[in-house]
Amino acid sequence: MSERKPRNIFVQGAIPASFIGESIAKHATNTKIGGHSIFLGQVRSDDIEGKKVSAIEYTTYEEMALQKMFEIREDIFAKYPLTCMHVYHSLGLVKEGEICLFVFTSSAHRKPAIDACTECVERIKAELPVWGKEIFEGEGYQWKTNS
Amino acid sequence: MSERKPRNIFVQGAIPASFIGESIAKHATNTKIGGHSIFLGQVRSDDIEGKKVSAIEYTTYEEMALQKMFEIREDIFAKYPLTCMHVYHSLGLVKEGEICLFVFTSSAHRKPAIDACTECVERIKAELPVWGKEIFEGEGYQWKTNS
Amino acid sequence: MATEVMFFGQLTEITGSSRLAVADVRDTDALKEKLFQDYPSLSAAKFRIAVNNKIINDNTLISEDSKIAFMPPFSGG
Amino acid sequence: MATEVMFFGQLTEITGSSRLAVADVRDTDALKEKLFQDYPSLSAAKFRIAVNNKIINDNTLISEDSKIAFMPPFSGG
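Chains as they are written, first to last, in numbering that gives the first Met the number 0: chain A, 0 to 146; chain B, 0 to 146; chain C, 0 to 76; chain D, 0 to 76.
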């Protein structure tokens with residue numbers, strides 16, 4: 000069983016690809032798992048009216064974000080038969096091509112893992128008090144909006 | 000653009016978690032990517048009437064499997080605006096807790112990446128001529144069936 | 000009585016600060032009215048208010064101990 | 000004329016081999032009939048036939064050059 004209490008999801012800067020590999024490796028000991036689903040958000044160098052996004056700077060209202068993430072986690076564990084679920088979100092500066100969000104769900108079967116991962120990503124984007132400031136190459140910025 | 004010709008998807012034995020981390024890292028240079036979706040199949044040590052699955056031995060009809068995988072890839076690239084898609088499937092013995100399937104899709108936005116990954120996994124399970132022999136701890140085996 | 004209010008994201012560009020102390024407001028409607036006077040462009044901004052980490056939709060009583068946050072649309076991930 | 004036929008998965012336990020040469024069959028119905036005579040339990044097994052890497056559902060003409068595969072239900076992943 001996974002622990003179910005509020006935990007920190009925020010990491011300073013980008014999430015290294017090697018950390019994701021290590022997280023996957025740790026699950027080899029849980030032989031009741033049959034499928035993992037992973038979503039990774041990567042900073043895209045959008046072109047906005049001729050300006051190129053070179054990084055996103057993330058800020059949060061941490062206390063509320065962690066409480067909300069706890070609620071999302073509880074809801075998802077109640078809804079899907081998951082073995083475990085891990086969420087990491089960057090704060091501070093994340094450069095283009097770097098990973099800013101890592102959602103990782105595991106289950107005995109593929110469908111709950113996939114559905115839980117997708118639902119978690121949607122809820123994170125809609126419900127977590129996190130803001131992204133898109134920093135342009137050269138100078139200037141704009142505030143990110145989620146679709 | 001990703002290349003679109005038949006390519007090998009089969010690897011001998013388990014897919015190492017470090018390989019998955021390295022695959023993710025390689026995508027940092029493609030700054031048009033905004034989201035990655037990954038599915039990993041892991042060998043589950045099912046209990047079957049008191050016998051425990053300790054490994055799965057995979058075999059394939061390789062020529063047909065690679066041709067079918069090429070068709071699936073073409074269909075999925077036609078249907079979703081993907082940046083790239085990578086598929087790896089184990090052959091031979093994969094022990095409990097090890098990774099036997101790695102499907103990795105990337106797109107500018109999360110939804111095509113997620114939907115393409117899910118569809119690819121479903122089609123691989125339903126359409127690729129691959130067979131798993133579930134090896135029991137001690138002795139005996141049974142042929143895996145896909146739900 | 001002074002209530003401390005937190006601002007996030009682009010709202011900090013309107014207030015010039017991520018925290019303000021607002022005197023003599025007993026509910027969120029009074030708080031908004033006061034802030035709109037001091038920062039007129041705040042009234043044109045999109046935001047939601049959280050009181051004690053919960054988003055509120057209706058006028059809500061507040062005290063000195065309330066944790067009050069003005070938050071623009073979320074854009075995490 | 001002898002046609003080579005491939006067998007996969009649990010079907011190899013019925014045929015005892017992953018490849019068999021079957022003489023004098025000009026279509027897949029004749030091939031099945033011949034194999035069912037030689038390996039009666041094959042007729043009770045679930046399988047699909049591929050000719051030249053395509054699964055066929057109807058009786059199909061075959062030649063010595065045809066790649067013919069008898070495949071039990073797939074269980075990859």
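It is worth saying that the hints were derived from the structure and are not from the lab.
The structure presented is a predicted model; accordingly, all values stated were derived computationally and were not measured.
Any given hint could turn out to be false.
As the list claims (entries may be wrong) - For lysine to any residue, the following SDA-like pairs were computed, each having C-alpha atoms within a straight-line distance of at most 20 angstroms:
hint, chain 1, residue 1, chain 2, residue 2
1, A, K110, B, F69
2, A, K132, C, P72
3, A, K94, B, E118
4, D, K53, B, G20
5, D, K45, D, I13
6, A, K124, A, F9
Each hint tested on the structure:
Of the pairs offered as hints, the one joining K110(A) and F69(B) is violated, with about 24 angstroms between alpha carbons and a cut-off of 20 angstroms exceeded. Between K132(A) and P72(C) the alpha-carbon distance is near 12 angstroms, which keeps this suggested pair within the 20 angstroms criterion. Taken as a hint, the K94(A) and E118(B) pair is broken in the structure, with Cα atoms around 31 angstroms apart against an allowance of 20 angstroms. At roughly 35 angstroms between alpha-carbon atoms, K53(D) and G20(B) are farther apart than 20 angstroms, so this suggested pair is violated.
A distance of roughly 12 angstroms separates the Cα atoms of K45(D) and I13(D); the hinted pair therefore holds under the 20 angstroms criterion. Taking the CA atoms of K124(A) and F9(A), the gap is near 14 angstroms; set against the 20 angstroms cutoff, the hint holds.
Of the numbered hints stated above, those contradicted by the structure are hints 1, 3 and 4, listed in ascending order.
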